[in-house]
Structures are given as C-alpha cells and as structure tokens.
Amino acid sequence: MSEPARPELTEPAPPEPVPVDGARTRPDVATPVPAEPVPVGAASARPDLTKPVPTEPVPAPGDAALDADPAAAVALPEPAADSRVWRRMHPVTPAIKGWRVLVGAIAVLGYQFGDDLRNAAELVGDGRWRFVVGGLVLVAAVGFVYALLAWRMTRFAVTDQAVHLHTGVLFRQQRQARLDRLQAVDVVQPLLARITGLAELKLEVAGGSGSAVSLAFLKQDEAEALRSELLARAAGLHVGAGAPQGGPVVEAAPEHQVFEVPMARLVQSVLRSGVTLWAGVFVVPVIVGVVWTREPGAVFIMVPAFFGIAGAIWSAINQGANFRAAISPDGIRLRHGLTEARAQTVPPGRVQALAITQGPLWRGKDWWRVQMNVAGYGGAGEQQTENVLLPVGTRDDAVLALWLVLPDLGVADPRAVVEAGLSGSAADDAFGFLTVPRRARLLDLLAWNRRGVLVTDRALLVRSGRFIRRLVVVPHERTQSLQLDQGPLQRRFGVASLVVHSTPGPVSPRVDHLDAAVAAALLDEQAERARTARANAGPEQWMRREGTA
Amino acid sequence: MTTAPERAAGGPFDPTGVTWTPVSSRLAGARLTAMGITTAIVLLVLVPIPLLTGAAWTWAFPAVVVAPMLWAAVLVPRQVRAHAYAERADDLLVRKGILFRQLVVVPYGRMQYVDVTAGPLARRFRIASVQLHTASPNTNATIDGLPPEEAARLRDQLASRGEAQLAGL
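Residue numbers (the numbering used here), protein chains in the order written: chain R, 1 to 549; chain C, 550 to 718.
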C-alpha cells in the first residue's frame, strides 16, 4: 500500500484545501483557528465558518452579512416566534402522484395473469380485454381525482423550531417535525418528477419508519432552497421569516466532492456479488436441462427466479449509479440514482454506526462497501438505498468514507489502524485489538483469528469475518446501550459476547467470544466512555458548537 | 437469597461495587401459573385422544407437552432469582438468565421512554414490569416482577434521571 495519495483520516484528503474542515464541527478535536482565515466563497447566510461560532451568539452586524435582509441570519438563542407562512405543493403534483394508482392496478393485474399466459391470451382473444382497459381507465381517473383532492388539502409551513405539514382528505393529519431533531434531509426525484423538473423533499426525524415528513412535490430549485433553509435553521441559525416564497432564503452551504463511483466499477461489482452466484446456481442447471431434454416447459419455472435476479441487479445498478459523496458544513451529501435521483444530506454527528464490508468476490479488486446507521432512515434491508455511504469503492474510498463520518479516529496512525481492521488478523496485530482467546477458537473455527475489537479515544472498532470481511465503527457518543451475553458453551470456554445497541439500520455492532473478564471490563469502560464522549459532544444544532467543549 | 448457582453467576455478570435488587419472588408464582394455564388448555385437547381411541401410544402427545413444562417449572424459580437490577449513578443495570446470561447497561441519558405494564395475571400477583426504551430497538432492558409501588417509584426515578441527563440521540 504505497499509493502517492494515501488519504489520512485526520487530514482532509481532497487535494485542494476544503473551505470547511470536517473536523471543525467536531468539538472534541482541537480546532486551531487557521492562521490566515480563508473566507468562505459565496455570500453565505451563515456566519463565517472559519471563525469560531460563539456559544451565546450576540447579534453582531459583522457576522450577519446578508444581502437580502440585514437582520435575517443572526444566530439568536431564542428566535422570536414567527407567524407561519403556509405554502402549497407544486400544482403538477396530482398528475405525478395519480399515476401510482394506475401502476399499482397494472401490477396487480400483471401478477394475476402473468403466471398464466394462456389465460391472458384468452382474455385478449375473446374481447373481454375491453372491460379490463375500461376498468383501468376508471381506476386511473379515481387515482387522479384523489391525488387532486389530496393536493388541495396539503400545505406546509416552516418555522425556526419545526416544519408543519397538514395532509389528508378523509383522515386529516397535522404533523410537526422539530428541526433540532432533524436526522437527514433528502431531495428525491422519481423519474416522472425528474422529467417535469420537480422533486420531493424528505425530512427524516428519529421516529422510526414512517416518521419522515415528505414534501412532494416542489420545483427542484425550490426544494433545494428549502433544504438549505431547513439545514441552516436546524443548525441553529436564525433565518428571517417572511422570506419571499420560492426565492432562496439561504445560500446552499459550499460543498466539496470527496469521492465518486464510476459506472464501470459499479456494474462489475454487481456482477461480482452474491446475485451472480445465485444466478449461476439456479439458471445454469435449468438451461442445461432444457437443452438436454429439448423440453422448453422448464424455462417457465425459472421466470420468477429470473425476474428476481434481474430485479436485484437492476436495483443495485439503478441505486448506485452516479454515486457521489461530498462534504459541506451541513454534513455529508450523497447523490445517486439512475432513474430516481436522490440527494441526501446527513448533518454532522447523525451517523450512529458504520460498517465497511467486503464479500469474497470483491477481494481480488480490494473493493469495499460502506453502510451506515442513521436514525430515521431505519430499515435493515439489504436493498435499502439511504443507508449506503459507498456502494462500492477502493480501500482509499472506504477510508475516506470513514473519514467523512469520523474525521478523528482518536489514534496516531488512523490509516494503519483501519487497515488492520479491514484485513488484519490476530496474528499480525500491532494496535492491541482485543481478540478471541485461543482456547475459545472451537466456538468460531473460521474467523476467530479475525474477530477483534479496538477501543480508541473516539470510537469502537469491531472487525470480524474471514470470507465476508467486516469492520464496524461506532463513535462512543452514539452508543445507545450495552449488553453482555454468555451462553453455556461460552461459559465453558470462559468467554462472553459484547453487544452494542445502535439505532435501527444495517449495522448491529457485536463482539463475540471475548475473554469474559475482558468483556466485562470493556462493558464497564465503554459505558463510562460513552458518557464522557456524550458530555463532550456538541449540541444537536451543529452550528452552535464551540471549538472545544 | 443467594444460593450456590446464583453466587456462581458472579464474574463478568457481577461488576464490583454493584448492589443488585432482586425482583419479587411472586414473579415465579405468576410465571408458573401462566405455564400451568397453557399446559392445562393443551392437555384438555390432547388427553381425550388416548381416552377416546384407546391407543396407548397416543399418551405420548400429552407426555411430550408435560415433560418440558415440568422441567421449565423447576427452572422458573431459579430464573426469577437470577433476575435483578441495579440503579447506578448514571445507568441502570439489568441482569437475567442462568443458562444464557445477559447483562444490559442502559445510560439514563439514552432513555427515550419507560413502559410500565401489568397484565391481569400480574395484577393478581401484584407485580408489574418496567421496560426501558432507547433509540435502539435492540435494547432489551425489561425488569419483570416489580411490586407496583416499586415499579412506580422506578418509573419516576428513571424519568427524572433521564431528564437530568437529557440529550438527543
């Protein structure tokens, strides 16, 4: 590993100086004010980011350089209660949402008749198809009328504390999402919306699945302006009320691209994934059988399996296409999607846990996949889009992804530590990973040598897996609760498992088969560490953080 | 009330300086009654089979049900004795299990909400259970078999401590 540009975790890897050092928003990091402050490029509504943000912001005229409204961007601790300005979604919304009903109806029909082609052929043959088409037209009409009514009933307002959304035709719903609980903001553009230049704005708060506030659909530039505004407000900046509707109130935070995923690599990675193995296991024998027996009937047995495999490949490519990650003062920004474009923004400190994995077929290329837990995204499904921080990337990309989340790993040589976590084992350990004692190797013959945990000042690193290598990173202040488990076999070998509870998501950190005394000590220390890290962590409103806590 | 096996539950599951509060022994009564009721219902269905058919081997069905129940009935009092909790300055510890042991540490500041529940049977035995929820669905911190007044005290205590250490996620 001696590439010229070896990204270091503590250093921003991009070649040019990043306007905003990711480490700056982390309070634990010693953040020296740069000797010569680099001014943030655009006339931003934020206070100058290179200056330390004051704890108790005083409305100083110099800090609030805003062209539109001089008093608009002053960071007030207690913003004045402002009157709500209710806004509507874009009028084209019903035309886009109405299609869903029709698509659903067609999907049901397809499911009903797709299995039985003969039946479907009869339907077309004897003229009954007119009824089917008529029914579909009726369903579509109902769908559009309902969408229209729903649009009329939907309105939203943004205040300093919350986003209010009123929806519902028959059953009315008034939802209020507190901005200081904001976990992520997504701008989603399904294909139809993309064609018409509209976008959906999704605000994730940590209320489990279905708790997101979805503003669909807005004009794309309006959605993006609203995102900047929401992020600024969530960050603790007071944005002037009564801003002209549609006009950008806050300039988008400057962002800097950190990595991207080339299409060729993505396609190749999908071909090298488990899907291909399954395809080989199922499809090849059937084809061989058909050719052998000259009986094409067997092909139809494969139809569902074929659709499943094709669907999995398609969705992996569709979701991962054009993947780009950037860093901005508002946090991590991810953009991806082929038909459905999605731009996610995860503010600083919102990633609860992170997993870097590598399947056996990716080892030759040294490719890695990075997934994260963000409260609000929820879901543990493998096909979840939002939880992916890096669909496939080189080792450098994976290290960069980790750096995005955790700029300071709390160790002297972060790169080497991460390397040890990714591909090291107990045999070549130089960093003091706590590992499975040799006496307990019978409990885990394959990977006992790999399994290990390292505690740094900032995070817990758990490595595991021989065939599917995995490194899980949990920042100390994001630990929810801890658990110690011991089964009868483990007791026999004097070992125990440590489980770290994180918010719902693809990552569930767990260290198996540690020496019982070591595990117990770790449990105790970790509880203590999580507490201190928590106490030192900055406020949820990330722009109000001090340089050091 | 610490007999030999519970004492052996020390080591990693007995951090130093922690005084455990055991749950009420009435929990054993409640659990045994619940098991008894389930067994009785199943037996009501299974016992008539050999009685009506007269085939001796069909007694195997009720036997298959009763045997594990009897074994479980022996275990229940021990399990209840192993179930304990401890309130520390900054977190709550919950310990349970003998064969499969478990120790959960829940920091007060991570607590999102507390549930106190009591079913009809539990009410008859004058016990309630307290469950702590964090932002993680995996947090398995349930304390069964608390006297109702202790459950109420613990609930208020946890709520106030959680508030004192309030933090986001």
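Fair warning: there could be bad hints in the mix.
Sample of chain C residues lacking proximity to chain R, with all beta carbon distances greater than 12 Å (derived) [stated by the list, open to error]:
1. PRO571
2. MET618
3. ARG704
Some chain C residues near chain R, calculated using beta-carbon distances under 7 Å [as the list claims (entries may be wrong)]:
4. THR570
5. LEU648
6. GLN651
7. LEU652
8. VAL655
9. ARG659
10. ARG710
Stretch by stretch, here's where chain R covers chain C in the computed footprint (C-beta under 8 Å, at least three residues) [what the hints assert, rightly or not]:
11. 589-595
12. 687-698
Keep in mind that the hints were calculated from the coordinates and are not lab data. Remember, it's a predicted structure, so these values are computed and weren't measured experimentally. A virtual CB, placed ideally from N, CA and C, is assigned to each residue, including glycine.
Task: Hint numbers not upheld by this structure, sorted from lowest to highest - done: 4, 10 and 11
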